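Chains as they are written, first to last, in UniProt numbering: chain A, 1 to 712; chain B, 1 to 712.
The hints are simulated quantities; they were obtained by calculation from the structure and are not laboratory data. For clarity, every value in this text was computed on a predicted model and none was experimentally measured. Watch out, some of these pointers could steer you wrong.
[Stated by the list, open to error] Partial selection, computed: residues in chain A whose CB lies under 10 Å from chain B:
no. : residue
1   : 136
2   : 401
3   : 455
4   : 668
Here a beta-carbon is modelled for each residue, glycine too, at the ideal position from N, C-alpha and C.
Number of protein chains: 2
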Amino acid sequence: MQESKNQASGMRFDSLTSLLQPRSVAVVGASTDPTRIGGRPISYMLRQGFSGRLMPVNPKREQVQGIPAFGHVDDLPEAPDTAIVAVPAAQVLATIEALGAKGARSALIFSSGFSEVGGEGVELQAALVDAARRWNMRLLGPNTAGVFNANHGYYGTFASGLERGFPLPGRIGIASQSGAYGAHLLGLARARGLGTPIMVATGNECDITLGESIGWLVENPDIDVVTAYAESVRDVDSFIAALEVAHRARKPIILQKVGRSSLGQRAALSHTAALVGDDKVFDAILADYAVIRTNSSAELLNIAYAATRRIYPVNNSLGMVTISGGAGIIVSDAAEDIGLPMPSMPEASQARLKELLPFSSPINPVDFTAHVLNDLALASQFTESLITDGGYASVLAFFSQAGTVPSIAPRLCEAFKTVKQAHPERLFVISLIGDEEQVAPYEEAGFVLFEDPTEAVTAIAAMGRLGDAFARPLPEPQTFEPIELPNGAISEACAKTLLSDFGIASVPERVVSDAGQAERYAAEIGFPVVMKIASADIPHKSEIGGVLLNVMGAAAVRDGFETLMARGRERAPDARLDGVLVARQISGVECFMGIKRDPLFGPVAVFGLGGIFVEVLKDLAFRRCPFDVAGARELILSIKGAPLLLGARGRAPVDIDALAKMLSELSVFACRAGVRLQSVDLNPVFALPTGQGAFAADAVIETTEVADAARS
Amino acid sequence: MQESKNQASGMRFDSLTSLLQPRSVAVVGASTDPTRIGGRPISYMLRQGFSGRLMPVNPKREQVQGIPAFGHVDDLPEAPDTAIVAVPAAQVLATIEALGAKGARSALIFSSGFSEVGGEGVELQAALVDAARRWNMRLLGPNTAGVFNANHGYYGTFASGLERGFPLPGRIGIASQSGAYGAHLLGLARARGLGTPIMVATGNECDITLGESIGWLVENPDIDVVTAYAESVRDVDSFIAALEVAHRARKPIILQKVGRSSLGQRAALSHTAALVGDDKVFDAILADYAVIRTNSSAELLNIAYAATRRIYPVNNSLGMVTISGGAGIIVSDAAEDIGLPMPSMPEASQARLKELLPFSSPINPVDFTAHVLNDLALASQFTESLITDGGYASVLAFFSQAGTVPSIAPRLCEAFKTVKQAHPERLFVISLIGDEEQVAPYEEAGFVLFEDPTEAVTAIAAMGRLGDAFARPLPEPQTFEPIELPNGAISEACAKTLLSDFGIASVPERVVSDAGQAERYAAEIGFPVVMKIASADIPHKSEIGGVLLNVMGAAAVRDGFETLMARGRERAPDARLDGVLVARQISGVECFMGIKRDPLFGPVAVFGLGGIFVEVLKDLAFRRCPFDVAGARELILSIKGAPLLLGARGRAPVDIDALAKMLSELSVFACRAGVRLQSVDLNPVFALPTGQGAFAADAVIETTEVADAARS
């Protein structure tokens with residue numbers, strides 16, 4: 001529903017503009033006390049010079065903090081773009097109705113006492129949404145700390161942290177599901193000199209979601225990088241839409257998604273569901289887009305800062321010049337930990353550099369030693385060679401305090417600037433310690449600066465991951481011909497038949513009723529075969545000698561049929577015999593494949609090695625469905641145990657093509673099966689040696705009933 | 001040798017005092033230019049007011065930088081405590097001889113051109129050491145950036161970073177194998193307001209080692225925390241001695257040991273050696289002492305800072321109060337990641353707090369919401385309850401910018417100070433954002449302050465690990481009755497016999513020469529048994545039907561003996577038959593145990609699950625030998641696959657007592673076997689169900705020859 005509303009203009013998230021960039025704002029519950037919740041927004045806007053019209057609403061005052069106030073919303077001289085609602089919960093609904101009648105386009109609600117307290121609060125919140133829909137208004141909150149847009153002097157927030165200082169100019173936006181944490185990010189950003197002019201705290205998200213907030217920030221021409229804090233994604237469509245818009249605009253989203261530790265507690269929907277941590281599903285979704293997920297605010301801001309340079313190197317690799325061998329080792333360690341390649345310099349260039357400076361170690365990291373501080377032309381030559389000969393997409397120079405020592409700094413900065421300007425497409429990072437004024441020339445020249453080289457490596461790796469993500473096309477929206485799943489529980493045989501229509505091979509097996517059939521079928525599927533007496537009345541077949549393993553050749557199959565039927569008749573005289581089940585006897589590497597329907601993101605595929613690997617080590621990889629064979633192959637090879645599939649320690653490599661085809665087909669099946677499909681477990685799948693295929697030995701499909709699915 | 005020298009006084013590392021806290025210093029190669037290598041130390045000392053006598057040596061000047069100079073070392077008016085040597089490499093030896101003759105007690109050598117350039121440099125360096133030993137002088141370097149001790153105004157360093165600012169007062173020492181990186185740490189510490197008054201850069205370590213430098217810092221009463229940067233430990237005795245002294249003095253060592261990524265490249269000495277990353281061995285050594293190893297300088301300084309409070313909570317647990325639910329989730333995630341427990345508050349206390357403040361969420365983290373900012377008495381009550389009722393060893397309060405807002409800060413700080421003073425043994429950490437002056441009152445009150453709550457969690461966890469390490473007694477030095485290993489290659493049978501003397505059980509097996517013997521032996525070891533034709537001339541026994549599996553009962557064993565001998569005679573007529581090997585047929589969980597002799601730290605034990613676990617997943621744990629059964633059990637249970645041993649997914653739990661006993665006995669064997677023992681591999685070891693023991697199925701012992709061992 002909301003989507004069509006957003007698509008009215010060319011911008012998808014345009015309907016938030018009245019909220020985030022208002023030309024006029026009413027403050028309902030305006031306070032004369034600049035430290036109260038209804039007073040802070042006015043105080044902040046007065047101090048920062050709001051560019052639009054500010055209209056306090058207060059029934060008892062003619063003026064509030066020196067500007068004319070209005071007794072009631074009805075008395076407002078114009079329909080405000082937005083309203084800040086700071087009245088007790090019980091008065092909020094009437095306020096929204098009045099604002100709607102007045103023609104307000106949006107409102108944000110500080111008040112708490114809604115869905116977060118449960119019970120009546122939930123109903124009260126629903127009533128707000130109803131009212132807003134009727135009046136075609138957008139709502140933020142309730143229970144939100146609000147928003148600010150410093151580029152327009154707009155402060156619709158009561159965050160007390162602003163008392164300490166307003167946001168610095170810059171191009172980083174903040175969207176947060178926690179107001180206190182959003183303000184914390186602002187504080188951290190200020191402390192390290194980063195500008196975050198726009199923040200949205202979404203509160204209870206009765207209408208406007210985190211996804212929409214991210215989307216609006218992405219579409220804002222004043223914002224290059226969006227940072228976000230999420231506890232749970234409540235509306236997946238707007239969230240995914242925001243990720244898509246960000247990808248197209250080449251604007252990265254740096255996301256702190258929390259709640260990893262509580263995820264195991266969620267009730268399991270099925271065997272697969274119990275294995276799939278929701279958090280890993282979330283990571284699988286993000287992997288399709290240009291999103292970097294971080295675990296700490298410091299890391300989030302480091303990466304956001306580096307991203308403000310807007311250089312996202314594709315196929316990233318790191319070359320380093322350093323005055324300290326130790327820093328070189330630290331960076332090598334960190335790069336290996338994070339998977340950022342640091343290939344060596346070409347041998348010819350190494351020889352040439354070694355000639356220029358015999359003390360140097362010109363492999364990569366290129367240690368040109370503190371000697372270059374006495375001959376900065378040499379520093380330029382080495383760095384130019386690193387870029388031109390080494391061809392690294394990213395360059396890190398370690399200078400620490402030497403780079404800001406007054407006797408060296410100005411010339412060093414100039415020398416490096418020349419190198420940088422010749423290669424504007426490279427990400428050029430310097431590890432530097434200095435006061436604000438000391439590092440300012442480097443900042444102005446467009447270098448990315450970090451004190452700690454380890455943090456530099458983390459940020460450089462993130463820029464490369466963004467580059468790769470931007471270079472990869474987004475998954476095309478696909479429509480699927482729906483298939484009809486049977487009603488009721490689905491038997492193993494039925495599950496295998498359903499899947500075989502998608503090309504997913506099970507271990508070949510058939511129940512035959514005479515020796516001739518047995519012989520012909522065995523010849524068809526290939527030897528050796530397993531033969532079992534087929535009877536629903538004999539649960540423990542091996543106890544009556546009803547199972548023959550490793551049956552080779554036509555004669556043995558014929559004999560086997562007669563033997564099994566005879567044993568059945570003799571040893572289980574009351575059982576109804578259906579014949580003999582003949583199956584190809586397969587031994588291969590045990591794998592595990594499955595589908596879990598995520599309540600938010602739809603079907604997600606999981607792959608792992610079978611047995612103890614899946615049960616004890618949880619060595620699993622996830623991907624949102626559908627994906628093609630190449631995607632499946634990537635997924636398969638991403639597990640830790642992948643060497644076992646590739647032929648570790650003298651084993652034969654398995655048929656990864658067949659596994660990948662099967663997994664990709666399973667992902668398509670999951671999409672076509674629709675919302676009734678809850679889970680699929682193929683466990684084990686036997687992967688045979690290359691060229692011999694992969695076969696599911698068991699298949700379990702779980703569905704909801706038609707009525708349940710319709711409700712959900 | 002060195003140890004006896006150090007033990008002259010009560011302090012083990014006393015012989016470094018003349019170097020690090022000199023009463024008089026000669027600067028040989030003193031320069032009038034304060035930016036040159038021979039000029040910087042003088043310039044720094046003049047600016048900072050060196051407390052001792054400063055004596056420049058310069059043959060061409062009567063004065064250097066305004067103070068009287070001497071033409072030659074011989075002309076010095078007194079024997080200097082130490083000398084700074086800043087002359088070309090070729091002149092260093094003569095300088096050391098002259099200093100020795102003059103009676104100097106120590107010297108540090110800036111000059112490079114020694115062992116780091118190889119060839120003649122190595123010999124030149126050895127000559128320096130000879131000279132110093134003759135004169136009973138201690139030497140630092142050569143190729144060192146030097147030392148400083150700001151507490152005495154002593155600056156024996158040419159680090160250019162000091163131009164930007166001298167170290168702040170404080171109680172953190174720096175010992176570094178890289179001068180540039182030591183200076184980098186100083187710069188980072190200054191930038192975040194941390195005082196690091198003493199630094200030692202060890203350079204080539206021709207005499208004084210990193211270990212001795214750490215040891216001296218630990219023994220210095222002005223230092224509470226030692227930070228260290230290491231590339232490789234060259235002298236293990238002084239290093240371990242320093243760790244021991246630190247443990248006894250309850251002073252933590254925060255260590256950045258680099259070079260993780262290059263370790264795989266080192267040539268393997270044996271199968272086990274190839275699996276044992278030296279880096280993991282190093283970690284295993286550190287685990288015995290109170291050392292925290294970090295991967296980045298930022299983390300190192302965060303932890304060092306927290307340690308300056310000298311509160312090391314044993315059995316650490318974390319209680320949190322927060323004004324932001326989001327920060328609570330972030331901290332819960334981080335604590336779970338790092339293994340820091342956050343148990344819930346007692347239910348009665350939760351109920352009481354909920355009554356005090358209905359909006360609060362008083363479980364743990366205790367979210368008392370931003371409401372408490374209006375009622376700070378409530379903040380105190382909640383925090384007091386967290387400490388008293390919850391009993392957490394560490395407390396984290398999240399206030400972010402709200403904690404430094406002028407309208408709140410002074411009262412909040414006072415309130416928390418009162419709570420803190422009532423519980424001086426708790427580690428009290430506040431997540432706070434503010435300028436230097438804003439946070440100063442909290443610093444003065446002794447709180448540990450972090451901007452980012454994630455960094456706070458890392459530091460709190462480290463304090464707990466230190467507390468546990470200090471509370472644990474150091475491993476007692478043990479002497480071992482040496483055992484004689486046979487000369488030459490050790491056969492599998494011989495290896496098993498050697499180990500069986502230590503109670504390490506192999507799979508029972510014996511070569512028998514008649515059917516009666518076979519029957520008696522099988523009865524002794526228990527059925528089923530495996531029988532194999534015993535002949536060195538039949539390498540592929542199964543090809544001639546020479547292996548019988550799963551032999552049950554006396555008759556079958558007798559028959560088996562005759563069958564195998566007959567087949568041997570018939571199918572391998574030229575082979576010499578030794579009889580038949582009878583072995584107990586064992587199936588259990590496959591494990592892997594081994595010993596690797598580390599060139600520095602001696603024998604190290606390794607444990608893992610067998611097969612693919614050790615080969616592909618490298619799921620291994622290490623520990624320095626020897627250790628007792630409890631230590632072995634800890635080691636065994638520390639692997640990721642431990643659930644497989646404990647009975648995961650319905651399997652029978654294995655006999656961990658037997659495994660632990662075997663591993664502990666192996667560690668004692670390794671110590672008694674002495675330096676000739678290179679490695680032991682028991683692969684596989686079969687662990688049977690509880691009560692049934694563990695048996696090595698194969699044993700390989702590798703040794704060096706007697707002559708080699710004597711050389712090493």
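Hints and how they fare:
Here the hint on residue 136(A) is broken, as its CB sits about 32 Å from the closest CB of chain B, past 10 Å. Among the interface hints, the one on residue 401(A) holds; its C-beta lies about 3 Å from the nearest C-beta in chain B, closer than the 10 Å criterion. With its C-beta approaching chain B no nearer than about 6 Å, residue 455(A) sits inside the 10 Å limit, and its interface hint holds. Interface restraint check for residue 668(A): the shortest CB-CB distance to chain B comes to about 31 Å, outside 10 Å, so the restraint is violated.
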